[in-house]
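Start from the sequences and build out the full structure, keeping to the hints where you can.
Take 57 as the starting number for the first sequence in the numbering used here and just add one per residue.
Mixed in with the good hints, there may be bad ones.
Said to hold, decoys possible - Here are the simulated lysine to aspartate or glutamate pairs, EDC-like style, with alpha carbons at most 16 Å apart:
hint : residue 1 : residue 2
1    : Lys396    : Glu341
2    : Lys475    : Asp222
3    : Lys618    : Glu552
4    : Lys363    : Asp344
5    : Lys472    : Glu223
6    : Lys475    : Asp488
7    : Lys249    : Asp222
8    : Lys328    : Asp354
9    : Lys363    : Glu341
10   : Lys90     : Glu73
11   : Lys147    : Glu159
12   : Lys475    : Glu223
13   : Lys147    : Glu73
14   : Lys249    : Glu227
15   : Lys68     : Glu386
16   : Lys472    : Asp222
17   : Lys487    : Glu73
What the hints assert, rightly or not - Estimated spans, in silico, between C-beta atoms of each pair:
hint : residue 1 : residue 2 : range
18   : Thr281    : Val193    : 39 to 49 Å
19   : Lys487    : Gln625    : 41 to 51 Å
20   : Gln115    : Arg563    : 28 to 38 Å
21   : Glu356    : Gln625    : 19 to 29 Å
22   : Leu327    : Pro303    : 19 to 29 Å
23   : Glu356    : Leu482    : 47 to 57 Å
24   : Asp619    : Leu150    : 44 to 54 Å
25   : Arg107    : Ala554    : 18 to 28 Å
26   : Gly555    : Gly437    : 31 to 41 Å
27   : Asp619    : Leu67     : 56 to 66 Å
Source of the hints: derived by calculation from the structure; they are not laboratory data.
As the structure is a computational prediction, the values presented were derived from the model and not from experiment.
Ideal placement from N, C-alpha and C gives every residue a C-beta, glycine not left out.
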Amino acid sequence: MLFSRLLIPTLKENPAEAEAVSHRLLLRAGMIRKLASGIYNYLPLGLRVLRKVERIVRQEMNRAGAQEVLMPAVQPAELWQESGRWQIYGKELLRFQDRHGRECCFGPTHEEVITDLVRKEVHSYRQLPLNLYQIQVKFRDEIRPRFGLIRGREFIMKDAYSFDADEAGAEACYRRMYDAYNRIFSRCGLTFKVVEADSGPIGGSFSHEFMVLADTGEDLLASCTSCDYAANLEKAEVAPAPGEPAPPVGNGPEPVPTPNVRTVEEVAAFLKLMPADIVKTLIYETDDGPAAVLIRGDHEVNEVKVKNLLGVTDLILAGLIRVQELTGAEVGFAGPVGLKLPIYADQAVARMNAMVTGANRDNYHLLQVNLNRDVKITAVGDLRSITAHDPCPRCGGGLTLLHGIEVGHIFKLGLKYSKALKATYLDADGKDHYLYMGCYGIGVSRIMAAAIEQGNDANGIIFPMALAPFQVGLIPIGHNDPAVSECVEGLHAELEAAGIEVLLDDRDERPGVKFKDCDLLGLPLRVVVGAKALAQGMAEVRHRRAPDNLMVPLPELIAYLKDQIAQEQNG
RNA sequence: CGGGACGUGGCGCAGCCUGGUUAGCGCGCCUGCUUUGGGAGCAGGAAGUCGGCGGUUCGAAUCCGCCCGUCCCGACCA
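Here you go:
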């Protein structure tokens with residue numbers, strides 16, 4: 057392919073709107089352009105990368121026995137009303153009406169549509185198992201799109217849905233997808249980690265996220281340094297501390313004046329205690345009414361865990377006024393003693409004695425509070441986020457916290473949608489059963505950004521071989537030299553004939569410009585043909601990551617490149 | 001939605017505080033000449049309702065109000 061014939065509008069300067077590396081470089085390399093917030097054009101080079109990701113995804117999904125379909129982007133409200141999600145999905149769901157006033161939405165995900173399709177077309181156990189996937193544009197009206205393709209509103213997703221006769225079948229399918237995902241991300245040349253993820257109200261450990269490790273990642277994950285345990289921070293279990301709860305100490309809650317002393321740090325400093333001696337009382341509003349959560353002063357509450365323990369879907373910290381109504385004191389002085397709310401305690405709090413809490417009275421805290429004696433606890437559970445200082449919940453080893461970009465998520469759905477939409481099949485005995493479902497997502501456009509977050513330097517993108525828009529950049533030096541032109545044109549044709557994707561920079565530009573652009577685009581291999589080397593029958597090859605050129609005799613060039621490409625393009 | 005910042009040719013910015021001729025600079029773009037191993041030089045040229053609306057004023061890119069858009073932090077994220 058000739059550079060001059062492709063629309064590759066590279067930029068010398070960083071666009072003001074882009075902060076994240078991948079966003080900056082995608083714009084600078086002329087791969088994407090923004091149309092509106094979180095909505096992007098894919099230019100020829102960007103599309104080539106996208107197609108490469110899609111190809112790998114297709115190959116591995118097909119290999120795992122899934123079949124490709126294509127579902128509509130526009131969906132009728134009725135289906136969403138049937139599943140109940142029309143009410144609960146919220147503003148992220150883009151809703152609109154057609155000319156007849158019928159309610160519609162632009163699909164953010166396709167559980168409803170696929171379940172509808174399957175309930176109509178699948179009736180017998182003989183048709184199972186079934187795994188259908190598509191690669192398609194999704195729209196989620198995110199509160200805050202950011203980082204270019206990492207969190208766009210419109211994005212490209214591979215979503216697969218599996219249907220099985222029973223739980224065992226569903227689990228087998230889940231494992232096949234788990235393996236397929238590992239192959240997909242490996243082949244994409246990504247450094248990633250599989251983590252246990254929160255599976256929400258469905259429960260069980262059947263949800264995994266595939267995280268591309270990058271400091272700019274929005275997700276935090278805890279990873280064991282000894283065993284293979286890894287989990288999303290919102291999921292990672294905190295191992296219960298050993299031993300029995302300590303017996304009560306002291307005579308009872310003792311009020312102490314703490315004028316204008318509110319935060320854990322302030323209380324600790326004022327009373328000359330450690331934050332770990334103090335318990336913070338968080339007042340939440342939930343769809344099941346207000347509730348209080350007790351967390352040790354040096355710990356951070358984990359709202360996903362709170363939601364799961366309370367069995368609620370909405371959870372927000374109560375506002376200033378509401379806290380006053382519920383506790384009778386200003387924010388900063390809430391405590392469990394005498395509080396007429398359901399009270400949930402983190403397991404670490406349940407083991408404490410003689411703790412310090414708020415007094416539900418302005419400018420007072422209580423000393424020597426003992427939960428067992430002084431408070432009626434509704435439930436105790438794991439309600440805080442794990443830290444790097446905690447032991448691994450599996451092996452007791454050390455943990456590290458890592459940032460990651462979620463590029464894949466596999467999920468066991470169970471009967472949630474098949475029940476809601478009445479998707480059933482007949483077994484061999486003629487009995488009706490609900491279908492067991494699973495769903496499996498991959499952020500195709502996000503992979504493109506994630507690969508760049510992982511592969512870049514001061515000069516631009518460093519694409520993995522498997523995702524690069526072209527495998528080789530070919531640059532002639534000396535535009536007036538007919539020998540160079542002839543050689544380069546010949547090489548271009550030979551490389552293409554050999555099945556190598558080559559971008560020949562035929563522009564009438566100075567060498568520096570071509571080098572800079574070639575680096576910016578992240579092409580893994582660069583071949584330079586200049587008069588001097590050519591006179592000796594050599595071409596210069598440079599790997600994008602390497603500091604120096606390698607002289608390769610022209611007759612061996614194609615074999616050399618093929619070999620390098622094969623080596624780097626795993627799978 | 002809370003906090004912060006920004007909006008001036010395609011891109012990056014200055015000018016605004018302290019209102020006053022033709023609104024500048026760099027990059028990019030077009031023409032010509034020269035140049036050609038890490039973002040060339042010279043000469044000429046095209047391109048801007050200064051985000052929008054309204055107000056103040058003899059006069060608004062500049063001051064005031066409202067709105068729109070964008071980005072960052074937070075909340076949120078099947």
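Here's how the hints hold up against the structure:
For the proposed pair lysine 396 and glutamate 341, the alpha carbon gap of about 14 Å is at most 16 Å, so the pair holds. With a C-alpha separation of about 14 Å, the suggested pair lysine 475 and aspartate 222 falls inside the 16 Å cut-off, and the hint holds. This hinted pair checks out: lysine 618 and glutamate 552 have alpha carbons roughly 11 Å apart, not beyond 16 Å. Proximity of lysine 363 to aspartate 344 is assessed by CA-CA distance (about 11 Å); at most 16 Å being required, the pair is judged to hold.
About 13 Å separates the Cα atoms of lysine 472 and glutamate 223, which keeps this hinted pair within 16 Å; it holds. Using a Cα cut-off of 16 Å, the hinted pair lysine 475 and aspartate 488 holds, with the two alpha carbons roughly 12 Å apart. The suggested pairing of lysine 249 with aspartate 222 is violated, with an alpha-carbon distance near 29 Å, which exceeds 16 Å. With a C-alpha separation of about 15 Å, the suggested pairing of lysine 328 with aspartate 354 holds against the 16 Å cut-off.
Proposed proximity of lysine 363 and glutamate 341 is supported: the alpha carbons are some 11 Å apart, at most 16 Å. Only pairs whose Cα atoms come within 16 Å are accepted, and lysine 90 paired with glutamate 73 is accepted, the gap being roughly 10 Å. A threshold of 16 Å between alpha carbons decides the hint, and for lysine 147 with glutamate 159 the separation of about 14 Å falls inside it, so the pair holds. Restraint check for lysine 475 and glutamate 223: satisfied, since their Cα atoms lie roughly 15 Å apart, inside the 16 Å limit.
Distance hint between lysine 147 and glutamate 73 is unfulfilled; the C-alpha atoms sit about 25 Å from each other, more than 16 Å. Proposed proximity of lysine 249 and glutamate 227 is contradicted: the alpha carbons are some 21 Å apart, above 16 Å. Annotation: proposed proximity of lysine 68 to glutamate 386 is violated, straight-line Cα distance about 54 Å (limit 16 Å). Taking the CA atoms of lysine 472 and aspartate 222, the gap is near 14 Å; set against the 16 Å cutoff, the hint holds.
Under the criterion of a C-alpha separation no larger than 16 Å, the hint pairing lysine 487 with glutamate 73 is inconsistent with the structure, at around 59 Å. Roughly 40 Å separates the CB atoms of threonine 281 and valine 193, a value that falls within the hinted 39 to 49 Å. At roughly 50 Å, the beta-carbon separation of lysine 487 and glutamine 625 lies within the given 41 to 51 Å, and the hint holds. Our hint of 28 to 38 Å for glutamine 115 and arginine 563 holds, since their Cβ atoms are close to 34 Å apart.
Range check, glutamate 356 to glutamine 625: about 43 Å between beta-carbon atoms, so the 19 to 29 Å window is missed. Under the hint 19 to 29 Å, the C-beta atoms of leucine 327 and proline 303, about 22 Å apart, fit the expected range. Our hint of 47 to 57 Å for glutamate 356 and leucine 482 holds, since their Cβ atoms are close to 50 Å apart. With their beta carbons about 49 Å apart, aspartate 619 and leucine 150 fall inside the hinted range of 44 to 54 Å.
At roughly 20 Å, the beta-carbon separation of arginine 107 and alanine 554 lies within the given 18 to 28 Å, and the hint holds. Here the CB-CB span from glycine 555 to glycine 437 is close to 58 Å, at odds with the stated 31 to 41 Å. Separated by about 34 Å at the C-beta atoms, aspartate 619 and leucine 67 break the suggested range of 56 to 66 Å.
In the structure shown, a violation is registered for the earlier hints numbered 7, 13, 14, 15, 17, 21, 26 and 27, in ascending order.
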